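Visitor: Add chain B to chain A, keeping to what the hints say.
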Amino acid sequence: MIFDVIEQSLRQQPRVIPVEALLGNCQGSRMPEVVADRLTPAIAQKLVEVCPTAAFATEDCGGLRSLRLDYGRCIGCGRCAETGEGAVVAAERFALCGVAKEQIVRRWDIDGHVEIAARAVCADRVRGKIYTLLQRALNIRQLDSGSCNGCETEITALTNPYYDLERFGIHFVASPKHADMLLVTGPVTRNMAAAVKAAYEAVPEPKLVVAVGACGCSGGIFAGSHAIVGAVDAVIPVDGYIPGCPPTPAMLVTGILEVLRRRIAI
Amino acid sequence: MVTIPHTAEGRPARLVTLFGRVDARGSKQAHYIFDGGRPAYAEVVLPADGSLRSLTLQTPAAAWHERELHDQFGIHIVGHPDLRPLIFHENWPEGVHPMVDAVSDVPWSNRSYRFLEVQGEGVAEVGVGPVHAGIIEPGHFRFSVVGDTILHLELRHFYTHKGTEKLFQGRTVADGVMLAESVSGDNCFAHAVCYCQAAETALGICVPQRATAIRLIGLELERLVCHISDLGGLCTDVGFAVAAASATRIKEALLQASAQCCGTRYWRGMSVPGGLRRDFESARVVELVRAVAAASAEFANLTRMILETPSIQNRFEGAGILRSETARDLGIVGPVARASGIDYDVRRDHPYGGYGRQMEVPITHYGDVMARARIRIDEAAISARLIQEAAGALLQGSIFEPAIPARDALGFSAVESPRGELLYWLEVRGGRLARCHVQSPSFQNWPAMSFAVADNIIADFPLINKSFNLSYSGCDR
Numbered sequence: 009m010i011f012d013v014i015e016q017s018l019r020q021q022p023r024v025i026p027v028e029a030l031l032g033n034c035q036g037s038r039m040p041e042v043v044a045d046r047l048t049p050a051i052a053q054k055l056v057e058v059c060p061t062a063a064f065a066t067e068d069c070g071g072l073r074s075l076r077l078d079y080g081r082c083i084g085c086g087r088c089a090e091t092g093e094g095a096v097v098a099a100e101r102f103a104l105c106g107v108a109k110e111q112i113v114r115r116w117d118i119d120g121h122v123e124i125a126a127r128a129v130c131a132d133r134v135r136g137k138i139y140t141l142l143q144r145a146l147n148i149r150q151l152d153s154g155s156c157n158g159c160e161t162e163i164t165a166l167t168n169p170y171y172d173l174e175r176f177g178i179h180f181v182a183s184p185k186h187a188d189m190l191l192v193t194g195p196v197t198r199n200m201a202a203a204v205k206a207a208y209e210a211v212p213e214p215k216l217v218v219a220v221g222a223c224g225c226s227g228g229i230f231a232g233s234h235a236i237v238g239a240v241d242a243v244i245p246v247d248g249y250i251p252g253c254p255p256t257p258a259m260l261v262t263g264i265l266e267v268l269r270r271r272i273a274i
Numbered sequence: 159m160v161t162i163p164h165t166a167e168g169r170p171a172r173l174v175t176l177f178g179r180v181d182a183r184g185s186k187q188a189h190y191i192f193d194g195g196r197p198a199y200a201e202v203v204l205p206a207d208g209s210l211r212s213l214t215l216q217t218p219a220a221a222w223h224e225r226e227l228h229d230q231f232g233i234h235i236v237g238h239p240d241l242r243p244l245i246f247h248e249n250w251p252e253g254v255h256p257m258v259d260a261v262s263d264v265p266w267s268n269r270s271y272r273f274l275e276v277q278g279e280g281v282a283e284v285g286v287g288p289v290h291a292g293i294i295e296p297g298h299f300r301f302s303v304v305g306d307t308i309l310h311l312e313l314r315h316f317y318t319h320k321g322t323e324k325l326f327q328g329r330t331v332a333d334g335v336m337l338a339e340s341v342s343g344d345n346c347f348a349h350a351v352c353y354c355q356a357a358e359t360a361l362g363i364c365v366p367q368r369a370t371a372i373r374l375i376g377l378e379l380e381r382l383v384c385h386i387s388d389l390g391g392l393c394t395d396v397g398f399a400v401a402a403a404s405a406t407r408i409k410e411a412l413l414q415a416s417a418q419c420c421g422t423r424y425w426r427g428m429s430v431p432g433g434l435r436r437d438f439e440s441a442r443v444v445e446l447v448r449a450v451a452a453a454s455a456e457f458a459n460l461t462r463m464i465l466e467t468p469s470i471q472n473r474f475e476g477a478g479i480l481r482s483e484t485a486r487d488l489g490i491v492g493p494v495a496r497a498s499g500i501d502y503d504v505r506r507d508h509p510y511g512g513y514g515r516q517m518e519v520p521i522t523h524y525g526d527v528m529a530r531a532r533i534r535i536d537e538a539a540i541s542a543r544l545i546q547e548a549a550g551a552l553l554q555g556s557i558f559e560p561a562i563p564a565r566d567a568l569g570f571s572a573v574e575s576p577r578g579e580l581l582y583w584l585e586v587r588g589g590r591l592a593r594c595h596v597q598s599p600s601f602q603n604w605p606a607m608s609f610a611v612a613d614n615i616i617a618d619f620p621l622i623n624k625s626f627n628l629s630y631s632g633c634d635r
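Protein chains in written order, with this note's numbering: chain A, 9 to 274; chain B, 159 to 635.
The following block holds chain A by itself, in its conformation from the complex (with noise of 0.2 Å):
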């Protein structure tokens, strides 16, 4: 019967993971972190081989030669770290969720081993922020551009009672009307690109886009394909990346926070 239901439910213990645990998690996601002592032009050279979407590349930066790790590519299979020999290994802590499409990348002089140009910190105080900004009240619409619903049921997951993403104040509200963020999923097939820039010109003006996934990012394992016209931002403007194959949950809440503290230091 129906009290029995929420009888049992209010005997749970609460399952609420603190924002300081989800902030830089990405535990499930298998992102790759790269080792740059043990980076050898060899084993740049094989990651260049063994990635199936092209996240890995060299190139010349600046007379030096270097490494470049394409986060929006990446689908997290995990092969890097397996042929890397110990020059990737994946990531325990990720910080490039909800960032600009620049900092997405990363670049490692392969010679001299160190990190061509800093990255992106993310903020940890984030939550004060929000509530100031926001009220209390950021309203996301998610948008599924021809995604494979991997992402779908990881965000999905935001609102179970580990991640219990309203208690930020952060709501998903049914159309695009009532939205401020629109979180979209999946490149954008040919079949879904009318309705993406029709979604996105209802969405009332101040806006924030945010493309989710490797397919979002950058078209992810799809990329290339004669049915998808590209990453979301192909279609329509975007304010933060959030990688991943699909992103955890943790990831999401990283990213979309990130995407709030950008757009306040703006």
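What the hints contain is simulated information worked out from the structure, not anything from laboratory work. Please note that the accuracy of each hint is not assured.
Some residues of chain A that are not near chain B, with every Cβ distance over 10 Å (derived) [to be verified]: (1) 41; (2) 68; (3) 115; (4) 124; (5) 203; (6) 215.
Below, a sample of chain A positions facing chain B; criterion: calculated Cβ distance under 7 Å [as the list claims (entries may be wrong)]: (7) 9; (8) 14; (9) 15; (10) 157; (11) 163; (12) 229; (13) 230; (14) 231.
Computed from a predicted structure; not experimentally measured. Cβ atoms here follow ideal geometry from the backbone N, Cα and C, with glycine treated the same way.
Guide: Below, chain B alone, put in the same frame as chain A:
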């Protein structure tokens, strides 16, 4: 025209799938796969350079397959009652067939599309989607209603069509897994295993026992997670938020246990042709089994309480009835078929991996939302038991058997995914994939939706839709 084989009982065999292929000489072929009952699937190949006679009027299950064949390969189907474009929408120019034509820089077009128009006094049309109100995939539903009652539902899908089958072509066999994992994200392990089994048949690889057992654990865990999630979704759609939240909690515990065990929440990157990419530590297996036992007990308790709730009974019972004959005509598979009295499960009827013929398969005949909910509840309990048995009997040993390098080969495999019969058919030519066909249970089951919702009120559509739980991306590919 293809002759439909018969089963031992004298019934026409079920059409499992129908797909096109261009052979090494450049000729088009149409491949029909039938299930004539035990033991094996039967494949019939017809030359298709000219036109093909339609099978749709004999077996309506062929309708969408033939439309896809027409769209993708430009094969004309003679005698098909409805050859409107299925996969490609108004934006796609007429006469461009991606599986045979060049597809770089395909121009944008603006063709028209005609929906079936239901005429009569008081008939109104309600269009829903492609963008729906919720965290859900896109698709278009065109209802013709009188008042609240649905007279007819026309589906328009393939908004998430990503040209996946074409993308397989030219990849190495090992690289194909990642694409298979992205056909339908919430069933990614079933897709990965099915693809790998097809590749293993083609390349003649014998998977080590330990890998087979761990795959079984993964497949059943995926089913358990999906069924828990579906029951939660059904509760959401009738406004029973507390029960829905409890289901999400149980599901999340299993996903976290998976991440601890294999590094990803949905077992992505685990399966590979030849076995598995990483092994489990014994301690992790014990933890996973403990998590499964806890989740299964909690879910059984929760669903008992849900089904005893009168308002749930009121909404679930009699809603969205799919008649057994309709299900049979359309070749419906999975829990939806089993809720409509079709006694079919790939695990038992075409055993693969660690499954055998003694598999218990729950069946019910009512075909309504309640029947589909009950089937899932029963299957979840069986899955939990299978996981525990497999984990208890897990042998030590290797988890990977390397493939013999590149040769030309064909292979196919079927798997009972959480949504039903999933089939991969692939051809390797010179070490690379020349063709990979994905037959997803969602593609097979979507057409039944129109029959299940007829005569129901439009407000029950989300509930009925959820009780089918079909993947849009799996269907659209």
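Visitor: Decide, hint by hint, whether the structure agrees.
Guide: Results of checking the hints against the structure:
| no. | hint | result |
| --- | --- | --- |
| 1 | 41 | holds (14 Å) |
| 2 | 68 | holds (28 Å) |
| 3 | 115 | holds (25 Å) |
| 4 | 124 | holds (29 Å) |
| 5 | 203 | violated (5 Å) |
| 6 | 215 | holds (16 Å) |
| 7 | 9 | holds (5 Å) |
| 8 | 14 | holds (5 Å) |
| 9 | 15 | violated (9 Å) |
| 10 | 157 | holds (4 Å) |
| 11 | 163 | holds (5 Å) |
| 12 | 229 | holds (5 Å) |
| 13 | 230 | holds (5 Å) |
| 14 | 231 | violated (9 Å) |
Of the numbered hints given earlier, the model fails hints 5, 9, 14; all others are met.
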